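Peer 1: One-letter residues, chain by chain:
Number of protein chains: 2
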Amino acid sequence: MTTTAKKTPRTDLPAAIAGRTAIVAGNGLLPVAVAESLRKQGGNPLIVAIKGEAEPALYDGEHAEISIVELGGLVKILKAEGISNVVLAGGIRHRPEFRAALRPGNGNLVALYRFLRAFRLGDDGLLRAVIATIESYGFRVVGAHEVVPDILAPAPGTMTRKRADQGSVANMRAAREAAVMIGALDIGQAAIAVGGRVVALEGVEGTDAMLQRVAELRRAKRINRKGGVLVKCAKPQQEVRADLPAIGVSTVENAMRAGLKGIAVEAGRTLILGYAETVAAANEAGLFIETFEQVQDGS
Amino acid sequence: MTTTAKKTPRTDLPAAIAGRTAIVAGNGLLPVAVAESLRKQGGNPLIVAIKGEAEPALYDGEHAEISIVELGGLVKILKAEGISNVVLAGGIRHRPEFRAALRPGNGNLVALYRFLRAFRLGDDGLLRAVIATIESYGFRVVGAHEVVPDILAPAPGTMTRKRADQGSVANMRAAREAAVMIGALDIGQAAIAVGGRVVALEGVEGTDAMLQRVAELRRAKRINRKGGVLVKCAKPQQEVRADLPAIGVSTVENAMRAGLKGIAVEAGRTLILGYAETVAAANEAGLFIETFEQVQDGS
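Protein sequences, first through last, are from chains H and Y. Read left to right, the first sequence gives residues -15 to 283 (this note's numbering). Read left to right, the second sequence gives residues -15 to 283 (this note's numbering).
These aren't lab readings, by the way, just hints derived from the structure by calculation. The model shown is predicted, which means the values in this text are computed figures rather than measured ones. Mixed in with the good hints there might be a few duds.
Note that the list lumps identical chains together, so a pair holds whenever it fits in one copy or between two copies.
Lysine to aspartate or glutamate pairs mimicking EDC-like chemistry, simulated, CA-CA at most 20 Å apart [said to hold, decoys possible]:
| no. | residue 1 | residue 2 |
| --- | --- | --- |
| 1 | K24 | D134 |
| 2 | K205 | E37 |
| 3 | K205 | E39 |
| 4 | K146 | E237 |
| 5 | K63 | E161 |
Please put together the full structure from these sequences, using the hints given.
Peer 2: Spelled out as structure tokens, the structure:
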């Protein structure tokens, strides 16, 4: 496969991300938001959809598809399409079975080996290794927030009409402490506290499934206190170019079903997917969304 | 209500627990095991069943029933029945709505107030306050392990035919670190690691629900690595007279359904409910059960 010439930098894009951008798209709405934003800015992003993960809408425009294990294949595509910048956006729900990927002819085996080794390191180690590998081929990995303006949670304060009451502040404190702690261990990025106590911690299941669990625990009267707060924050050692915690309309809806009073996220290190829609959904549901000061890097 | 004379100490019971014993029975099989063991030893335990929690089998013998909020009522019963020792056994699934308990005439309001205040402190604070309150009336609170011989997990080693392989040792280490950490924050006492990574942390839902979650995540291919280990250990600041972590046959069955290779528990601070049956179930399922050295008290 030959490498096509790189296109000239687009002056209508932020200077920091001159050149064509590829979006490696996992699940969720973040890749869609990144693609839309880049197009609005006059860009022509290439979607590299991860099989079984990316939203169907992403297959409408110019796109390629890779399996999560084909990192070698990704590099070929990026070279062929003259890509300068890469955004890794969206989650990976289906953990790959790497043994299946070890068959010959499956792209770059050195990259795959690194990938494999990295997988043992957990999400965080994996992402760092993937980023390092992509950059070792001369591409620049940028965060979604570097190409989508205003996607980051704003400075500490209240985003909604409702604000956190005294009980919610205690819940925020408890859930935040727990979320930072499990983040430091690279387990999850979210926790829920009710009545001043942490009742649920995020593991592989993700935030929406955790919220559904809390809704069930309430129905079963295993949680009988009213209210409660969901806290999401980045890991202390977070690689900010990928896997930043995110909330959106579905988070608000699930928080409401779980009987929570609100959501608190870390300012500057959480993505708000659809700011206006998310705030409108929270206002309609009578929930608050607060942002709190950035967690100190404990690494 | 008058206080009946205390019965003479029974010499067939361990000297440490002379006098009649009451079992305040929450859910699960621990209260049943404690009652059976005391009867085998010639004791005549009084069952104080917590409404909506205690196993139906416990209503067969001599028993009283209280609601979780009636701590004042409990004290009256203990006095009336000439109780010397109290064992708090079993979990509380249904968190009480304390406002409903604040109606007048509901037993001892001072005790209830302490109870209420304590509830904000979480499980651990609550248990300590309940124990202190019961003891302030002259009763002695003893741990289930003080009246049931051999119920504690044995010294570090392997309880089953299978033992932990290298991968499982890595899983044990990761899950144990996480379990100790969430224990220190009084959130839960268990964690599950697969492929060297923690995938689930116990909150209010409990161990069985967490294992079921992991079984579902596997079916949905969100966890694709094989094996995995459940670790249970006491909180570093654990009050050992109540709420020690426990495993039993149902834990083994759920671990098997979750595709785990085994279970590891803290030696000396975990209860094995039905030692022979639990080990037999694990051997039949091809799972290991290991015990590890006691976690240092970090409080």
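Peer 1: Decide, hint by hint, whether the structure agrees.
Peer 2: Against the structure, the hints come out as follows:
1. K24 <-> D134: within (14 Å within a copy, 70 Å between copies)
2. K205 <-> E37: Classified as between; 12 Å across copies, 35 Å inside a copy.
3. K205 <-> E39: between (36 Å within a copy, 18 Å between copies)
4. K146 <-> E237: within (16 Å within a copy, 46 Å between copies)
5. K63 <-> E161: Intra 43 Å, inter 43 Å, cutoff 20 Å: neither.
Of the numbered hints given earlier, the model fails hint 5 alone.
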